[in-house]
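Peer 1: Got chain A; can you put chain B on it based on the hints?
So the sequences go chain by chain: A and B.
Throughout the first sequence, residue numbering follows numbering that gives the first Met the number 0, covering 0 to 214 in sequence.
Throughout the second sequence, residue numbering follows numbering that gives the first Met the number 0, covering 0 to 212 in sequence.
Calculated from the structure, these hints are not laboratory results.
Keep in mind that the hints are not guaranteed to be accurate.
[Unchecked claim] Taking lysine to aspartate or glutamate pairs in the EDC-like style, the calculated list, with each CA pair at most 20 Å apart, reads:
#1 A:K112 / B:E107
#2 A:K62 / B:D88
#3 A:K40 / B:E147
#4 B:K112 / A:E134
#5 A:K91 / B:E57
#6 B:K62 / A:E134
[Unchecked claim] Now the in silico label distances, taken between C-beta atoms and shown as ranges:
#7 B:T182 / A:S153: 43 to 49 Å
#8 A:D24 / B:D208: 22 to 28 Å
#9 B:V30 / A:E152: 22 to 28 Å
#10 B:T182 / A:M123: 47 to 53 Å
#11 A:A211 / B:T182: 47 to 53 Å
#12 A:M209 / B:P108: 37 to 43 Å
#13 A:A130 / B:Q38: 31 to 37 Å
Nothing here was measured: the structure is a model prediction, and the numbers come from that model.
Positions of the beta carbon are idealized from the N, C-alpha and C atoms, including for glycine.
Residue-level listing of the chains:
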Amino acid sequence: MGMKVHGAIISPSAMRVLACLYEKDLDFQFVPVDMATAQHKNKSFLALNPFGQVPAFEDGDLKLFESRAINKYIASAYSDKGTPLINRDPKKMAIIAVWAEVEAHKYEPPANKLTFELAIKPLMGMTTDDAVVKEQEDVLGKVLDVYEARLAESKYLGGDSFSLADLHHLPTMTLLMGTRAKAVFESRPHVRAWSADIMARPAWNKVLAMKAAAA
Amino acid sequence: MGMKVHGSLISPASMRVLACLYEKGLDFQFVPVDLATAQHKNNSFLALNPYGQVPAFEDGDLKLFESRAINKYIARVYTDKGTPLISSDPKKTAVINVWLEVEAQKYEPPANKLTFELAIKPMMGMATDDAVVKKQEDVLGKVLDVYEARFAESKYLGGDCFSLADLHHLPTMMLLMGTRVKTVFESRPHVRAWCADIMARPAWKKVVDMKAA
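Extracted from the complex, chain B is given alone in its bound form:
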């Protein structure tokens, strides 16, 4: 029966799951959900995600939502396929988990607000709120100051190897690198190098190609 991702290629959260599946070299079916016609709010989608958001995920009879939880499942169950995205060592896993929380609790809120102001609003013909952009750039800058120090001692956020803790940043990072706030990333040398490294990964390029197609 195989794995299915119900999502939209304009959704960063959907792209987060696709990135994980490509890193692991896994077969899956992408089931497009048309956000413009509110398909994500209809009864059959709500049975997959009661919050009515993309993505939703199926593996046989297992139904999951929340992209980070989906990715943790994929990384764990298919641990011997493709790129390792977590660790089998409990202490190394603990450190990866710290930076997974940092991405979700510290990086995501300002990155999400900036993505909305600078990448989504223009597409919808809405005006960017410059005051919000200025404020969220400052918030993101303080978060990335800690990343800058982290990278001085660690190649990737979770340790020596690329992991889910790095991967989860990719969708909003890519969107923001196409806007004026790319300077928040590029003005910090270690952060800039890490961004360039992870955005160049072949698995991520496959996600970008899906979006461009």
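Next comes chain A alone, as it looks inside the complex:
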């Protein structure tokens, strides 16, 4: 029966799960959800994600939602396939978990708001609010100041190896690198190098190729 990802290729959260599946080199079926016709709010989708958001995920009879939870499942259930994205050692795993929380609680809120203002609104013919951009760039800058210090002592956020803690940044990072907010990343040398490194990963480029093919 295999794994299915119900999503939209333009959704950063859906891309987060696809990145994980490509890193693990796993077979899966991508089931497009047409957000323009509110397919994500219909009953059959709500049975997969009661919050009516993409992505939703199935592995046999297991149904999951929330991209970060889906990725944790994939990384642990398929830990012996493809790239290791978590760690069996409890102390190393704990450090990865710390930076996964930092991504979710510190990085994601400003990155999400900036993505909306600078990447989504223009597509929808709406006007970017420059005051919000300025404010959120400052918030993101303070978050990345801590990353700069962290990456001076650690190759990746969670430790010596690439992990989910790094991967989870990729969708919004890529979108923001195509906007004026890229300066927030590129003005910090270690952050710039880390961003370039993770965005160059072959698995991530497969996700981008899916997106380009769908456009």
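Peer 2: Relative to the frame of chain A, chain B by itself:
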């Protein structure tokens, strides 16, 4: 050397970690951090948490921050002590992880804003913004509508057993139950019953007693 929690008893995030330690019946040292004198911004604290927030945690030479990450470590490493807070079954763990994300991504933002308006601001002599309260009550209400449906089919958020997915709600839930927005929880029968159940847990009462002392 043992475990240490550097925190403050007025901090919901600190209380989240204390709840986990009490559930597991573990020995630990609580090291108070004086937020009023910005102790959490001094160099020695920043070495524990570069974001300058409580709590920070030590277990031997391991230093962690972010309460949810700390709790995942405790639940995993001390899995055979006290209350099980995660599962050894990968599929059951996956479902617990879904609801852990829901707590962090859906419940926490409105609960945090409401806690600030209704529980923190009054303590600091600041005026509650009623427009923010109204809006965040609506946001929280929609989240709890999904919880209400979830509880019709599951005793706890993650499944049949109490887990970290339930525990993480306790600090803000307790604060909000002491304010006018308790109606958002109490107007939904399954949510109300679940709240009463988890707030009555002996381990949580130990945290509340620490705070009252």
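Peer 1: All hints, please: hold or fail.
Peer 2: Structure-based check of all given hints:
no., hint, verdict
1, A:K112 / B:E107, "holds (17 Å)"
2, A:K62 / B:D88, "holds (15 Å)"
3, A:K40 / B:E147, "holds (18 Å)"
4, B:K112 / A:E134, "holds (18 Å)"
5, A:K91 / B:E57, "holds (14 Å)"
6, B:K62 / A:E134, "violated (31 Å)"
7, B:T182 / A:S153: 43 to 49 Å, "holds (47 Å)"
8, A:D24 / B:D208: 22 to 28 Å, "violated (51 Å)"
9, B:V30 / A:E152: 22 to 28 Å, "holds (24 Å)"
10, B:T182 / A:M123: 47 to 53 Å, "violated (36 Å)"
11, A:A211 / B:T182: 47 to 53 Å, "holds (49 Å)"
12, A:M209 / B:P108: 37 to 43 Å, "violated (30 Å)"
13, A:A130 / B:Q38: 31 to 37 Å, "holds (33 Å)"
Hint violations for this structure: numbers 6, 8, 10, 12, all remaining hints satisfied.
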